[in-house]
Amino acid sequence: MPRERDPGLIPPSKNSAFQTNEQNDPKGAWATNQDLLVNIKGEGKVKMPTLTSDPTLQLSNDEILRYSRHLIMPEVAMEGQLKLKQAKVLCIGAGGLGTPLALYLAAAGVGTLGMVDFDVVDFTNLQRQVIHDTDDVGRPKLESARDTIRDINPNVEVIPYETHLNSENALEIFKDYDIVADGTDNFPTRYLVNDACVLLGKPNVYGSIFRFEGQASVFYAKEGPCYRCLYPEPPPPGLVPSCAEGGVLGVLPGIVGSIQALETIKLILGKGKPLIGRLLLFDALNLKFRELKLRKNPECPVCGTHPTVTKLIDYEQFCGIRGEEHVPETHVPEITAKEVKQMMDEKKPFVLVDVREPHEYQICRIDGAKLIPLGDVPKRMHELNSADDIVVHCRSGVRSARAVEFLMKSGFKKIHNLKGGVLAWARDVDPSMPSY
Amino acid sequence: MAVKVVIPTPLRQFAGKKDSVDIDAKTVGEALAGLTSQFGDLRKHLFNEEGKLRSFVNVYVNDEDIRFLQKDQTPVNDSDVISIVPSIAGGSLIRCICS
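Residue numbers (the numbering used here), protein chains in the order written: chain A, 1 to 436; chain B, 437 to 535.
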């Protein structure tokens, strides 16, 4: 359930124009305007959802000045700006993608911005999550985001949900919003957001990033395919996050999240050709945009002709995440950073193996460690002697656990995983070592 | 006849770090077989134990999903581009396709 609203946050107004409007309109906020049929390239007509307008709603003189560059464009004009003011958009995540989403939607005058996140700002966020400042490190992301949004546009009502989005609370949170913008970073939440949007008939403005590559689309099952039409199932269990393969160029979420903000605004205005039925691929390294056709899958388990998913399920289980973290096939013996330091001080002979990548080794290293990146362990294990005591480490202990597991299967018995990796070493043994 | 296969970022580490590979093939199935025989590590990331394309990996010929064409029998010629498009979770914590 969403937590009780912090009394320090802007309370949602009880009489927002949108709610009044919703009460008067039995069809709900989305009405199909036949004038806004938009031709999608060779795909026939797509009905664009558009907000019904409240004739009593007006802009103040201050707002007219603020939005003047919108108002002088016929595609937005007063009618469009009032639609934006009435619109309620829910951003899932206040991180890399949520940053441009929230900043641009707020600046553009979207009246109500819900934000779901339970994280706290840390230093590693600042390279891309420009909604948060250095001074915000340690604060809840939603508090920090709310302050920035308030500075940009005090007319925007921010509704924070400092909670972990799950099957119990998603429908309740989503139901009051017109559009959901998905800026999450994990598969269980992706499928949860998709299914909840399909069940409630709401558009899901999707964005996703990996290193130098981004994807964006609008999944709106009433008019086109959903995320499950594209990917029926997530990657199977056992595929765990790896810091060696992670990382993201700081600008990339700025670009993909801005595309999501743009699509959200187009949906609200009912203008242009939305990304419904199209998957946009962005390759930042080669600066290439490509577009793929997405088709509605008649056998889709959630939006197909005979859906098998008719209510929200356990998405952690669906994605095989639950219980995965600590179930290695063999028991991996562990050793703490302090114990390793003691062995060094006592000059006990042992071999320290670092299974990180060379570019990580350049950031920081434990003196005397032998670098064998995880991927090279099978072909380089002849460099190790199974008669020696061996300690294996990586950044946080995940990759080294895999290496230990592999080496134990290959006959190594006097082998330990350094619990917590170099992060634990920096914390417990050598505070002068940088963390990353 | 060489068709261009575009390799997505998460899979480049299993394809000699290349962003695209030219393969002689007449169908999508032949192209993927050629690709995985050249880069053996790619196989388990593209296909399951039964040799079927994994459900979190989609393959396109130009801008069309092969699931809606003739699947692995979809014919290709040398002006076509085959794209492998895996699902990516995105954001700060990456759940990637790794071994």
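In short, the hints are calculated from the structure, not lab data.
Among the hints, a few may not be true.
Stated by the list, open to error - BS3-like mimics (lysine-lysine), calculated; alpha carbons at most 25 Å apart, straight line:
1) B/440 with A/288
2) A/296 with A/266
3) A/379 with B/440
4) A/288 with B/488
> Which earlier hints turn out false for this structure, listed by number in ascending order?
Replying inline: 3, 4
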